[in-house]
Structures are given as C-alpha cells and as structure tokens.
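Colleague: The residues making up each chain are set out below.
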Amino acid sequence: MTGIRVPARRFGARQQINLGWAFVERQTNLWKRHWAWEVVWLVYGVVNTLAITFIAKQLTTEGVVSGQRANDLILFLLIGTLVWAYLSAVLDDISLVITWERWEGTIEHTLMAPVPRVAQLIGTAVFGVMHALMRTSLIMLFALPFFSVDLSHANWLSAAALVAMGSLSLVGLGILTGVLPLLYPERGEQMSFMAQAAVLLVSGVYYSVETLPGWLQAVSRLSPATYLLRGIRHALIDGATVGNEMRDLVCLAAFAVILIPLSIAVFSAAERWAKRTGRLKRHG
Amino acid sequence: MFQLANKDPLVVRGVTKTFTSKRGRRQVHAVRDVSFTVSRGSIFGLIGANGSGKSTLIRMLSTLVLADAGRVEVFGYDIERDSMEARQLINRVSADPSFFRQMSALENLLFFGRVYGLAGNDVRARAESILDRLGLGRAHQRAMVKELSRGQQQKIAVARAFLTSPVLMLLDEPTTGLDPRSKHDVQEFIREVQRDHDATILLTTHDMDEAEALCDRISFLVGGSIVAEGTSLELRRSVANGRDVEDIDMEDVFMALTGKSVEDDEEEDAFA
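Those protein sequence lines, which keep their order, are chains Y and D. Under our numbering, the very last position in the first sequence is 284; numbers go up by exactly one each time. Under our numbering, the very last position in the second sequence is 1272; numbers go up by exactly one each time.
With the rest of the complex left out, here is chain Y (with noise of 0.2 Å):
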C-alpha cells in the first residue's frame, strides 16, 4: 500500500493564478478554432461603429452643429459605441463560457475539478478583458480613418487608468449575468443580453445620462458604465488628467470591490441551488 497525499484545504496565490490560468489557455485555445466567428464580429463591429458614428457626421454636414461642437459629438459617438463594444465583449465572452460549458456538458468536469472558483471566474474574466481589448483596438484602428477628428487634447493615460479600473467592475458584473446560464441553460443566454441591454439604455452609451427622465438617472448611477463612458470621454474629448478624473476612477473602484466578491458569491450559491436540483446535467 502506497500513501496519498493528504490533500489542501486552501490554495496559495501562486497555485490560484495558475488555476485561473488553465482557463485562460483554454479560451485562448478556443479563440484560435473560432477565428471565422472572431472575423464576423469584428467586422460588426467596424460596421456599427461606423454606422452609428455617421449620424454625428451628418449633423455636421447639415450644420446643425459646427466647429468644436461638431469634432466633440463625433468623439462622443465613436467612443460610446467603442466602450459599448468592450463592455458587451467582456460580459458576453463571461456568460457565453458558462452557456458553452453547459452546452457540451463540461460544466460537471469543471465544477468537480478542485478549483476555488474565485480561481477559476477570474481566470475567466481575465481572457474576456484581453480578449475584449485586443477586439476594441482593431475596432479602433479600423474606424478612425473614416473621421478627421482632433485627438490633439486626449489624456490616454487617464483614459486607460480608466480601462483598468473599469475592466475591474466589468468583470464582477459579467460573473453576476453568468449566472442565468448557470441557472437556465436553455435561456440564461438571452436573459444575460437584457442585463446588457438595461445597461446600454441607462449608462449614456449614446445621449448624455442627463437626457434621460429623472428616475431613469437616478438608475443610471447603478451603473459601472456610465462612470467608465463619463470618464473616458473627459479624458480623450477634454484631456482631463488623472487627478481631474479620481471622482469617476474612485466610483469604479468602489463598484469593483462590491461586484467581485458580490458575483463569486452570488455564482456559488447559485452553484449550491443547481447542484441541489440537480441542474448540472448537459443541455444542447
């Protein structure tokens, strides 16, 4: 008789980053077979930057606005529908891992294997944020030619302190909408894209949160978006500095902390409810 290692009770960071890094390599690993899908949502998403931009383009062609104005609402636009599309990349890529996991049955393998799962949603998050990243720049690159905007006054530092922290708040928000999956897989999916579309009406993606009645503000302030937009657009649109933007940094570090452990506790007991009811087996 050999012995057995007595096993841990709890993992050090070390081991905890390597965990959440299997997951990494395995969307990444993923990405790299789905390189056709990654081609079409690109290209939506070049088309739909382009798309909604223009419209700010045409107000300036009619004249409805002009000079500073004009460049200011291009700005405005391109960088709405540019966070719109990091942010619903993030979320997206979060719940779609959970809704694929149950989809081929692998979720039972996962959840059995001994991984904490702030390991393992981090793990993640972490190929969502880079994954989102890397998507939104070549959105980016392909769709500033089509405008001459003035970018002379943008502070990319604080618009990218602006990326980091808000990518924090993302990824609690994404774990909590991969939960529905978790819970119901036939339709978790589509009820995670109402969380995004709730958070696309009310963050001023588009229009200014002030455009929106009272109540609907006041909801806006729930939202991790509208700090992330407000702040991004001081920074590229007015130069504000990092100093000039603490207030919106601070608000995302705030909703940070509360989403992250708010989420992997949300996720586990929802975790606790499907084993309970025996929902882990395979759909699809």
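Please keep in mind that the hints were generated in silico from the structure rather than gathered at the bench.
In silico lysine-lysine, BS3-like type, Cα no more than 30 Å apart, as pairs:
| id | chain 1 | residue 1 | chain 2 | residue 2 |
| --- | --- | --- | --- | --- |
| 1 | D | LYS1022 | Y | LYS275 |
| 2 | Y | LYS281 | D | LYS1183 |
| 3 | D | LYS1146 | Y | LYS275 |
| 4 | D | LYS1022 | Y | LYS281 |
| 5 | D | LYS1260 | D | LYS1183 |
| 6 | D | LYS1146 | D | LYS1183 |
| 7 | Y | LYS281 | D | LYS1146 |
| 8 | D | LYS1146 | Y | LYS32 |
| 9 | Y | LYS281 | D | LYS1260 |
| 10 | Y | LYS275 | D | LYS1007 |
| 11 | Y | LYS32 | Y | LYS281 |
Starting from the known structure of chain Y, fit chain D onto it as the hints suggest.
Modeller: This is chain D only, laid out in the frame that chain Y set:
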C-alpha cells in the same frame, strides 16, 4: 507524503435524493437511503436497470448533486463540508463523454490536467502515454474531438479521469459504445490502474460479464435502493433457489433482482 491508509476510500451512509419537477407536481425518488462502503484497492460494481438511480448516485459522489439526507465520506472527508479536499482525491468517467469538441484531445486534456494542478509539460507527456496505452493514435490525439468516433471520445474521457491519478475513481458506464477491442483495452487499463496505482474504483455497467470480471463486490440498485450486495458468487447463490450456482450467470442475477432482462433494459435505454 502522509498516510490516509486507515480511512475507507468511500463510505456512503443513508444517502437519499428526491427531485421535484419544475412545477412541483411530481416527485422522483432517485436514491433512497443508500449505504455501502468501498474498501481500499477494490473495484466495487453498482448495477441497476435504467432509471434505478446509478447515475444520480455517481453524481452525488462526484459532488455534482447534493444529497437531501445522509452523508458521503471520501477517505474521511465529508464531500459537502470538505468538498475541496474530496475533489482532489476523486475523478469520474461519465457515460456521456463531454468535451470542447472544437479542441483536440490533447488540448482538452491539457485543460483538465491543469485544473487539477498539474504542470503543462507533465500533462502532455502523461496524456500521450495514457492515450497510447488506450490505443488512440497520435494523429487522433491531435484531431478535433468532434472528428472522432464516440468510442474514441470515450477513450479520451477515460484518459481525462486517469490523468490526475485519482485514488478514488468513479466510472459510470465507461465502456458503453466501445467496440470489443476498445472495451478490452479500457478494461485492461482499469485493472492495471487498480493493481499498479493503488486506486479504488466504483464502476457502473450494463455489461454483466464486465461486472463479474472486474468487480470484487457488486451492489444492485432497484428503484433507488440497494436490494443486494456481495461478491458475484454470493449474488448468484442468493438467486439460485435450489439450482446449481454454476448454471447461474450475472444476467440471471440481474433479471431476478431487477425484474428485467439486460436486453430489455438496453432497449429502454435506446428509446430513452
């Protein structure tokens, strides 16, 4: 390296599970007050007709379904309270091999090895060695899973489970859908792992010859309850009713204990 030698690999006590339909109108008693103990280094067979609760029980032992009552211990670790520890000791082959079908066998195994804490290079070497042993050629190891036959996918599922060197292996119909040669390869591999790696195995199967050949003890599950347990000889004796025990095979035991023939059960499975 510490010893857990004085603990039984698997102790199941009074485990019960009832599922309620979505609208709450219908209750299905999948597992009723099941108890058994599996001793170290043995192969324990769990036999039952379709819908008898075998797969639910395996899911419960795999931490994927939570029991309504009772407890399960893996080497002394309670699978609910000490889930993380228990999960490091077990692995499972399900009747339905589930993979990311767009990825290759090796890419799938790389992921599943990594989430059990193995280094990438170790996983690759070990995965290739196990798949070679199971008779899945190198070209197939690198092909997308969706391009492989069900039997080949089942071999990858067996490799996935053994890749992590679990000390308790839960095999839910691991040879279903395999051709005779592949079935033989998998059965030989199971014996080898039990013999050389000190693994304890819980096996469910519809193949009575397989159960008799591999299992040290066999338990029969009917309607979610265990109705008989023993060695194949003890079980054959229990249904002999005065006949010579040599004239009785495990299919007779199956029919006597479940009220169905294995063929009926397989037909039901095909229409399920």
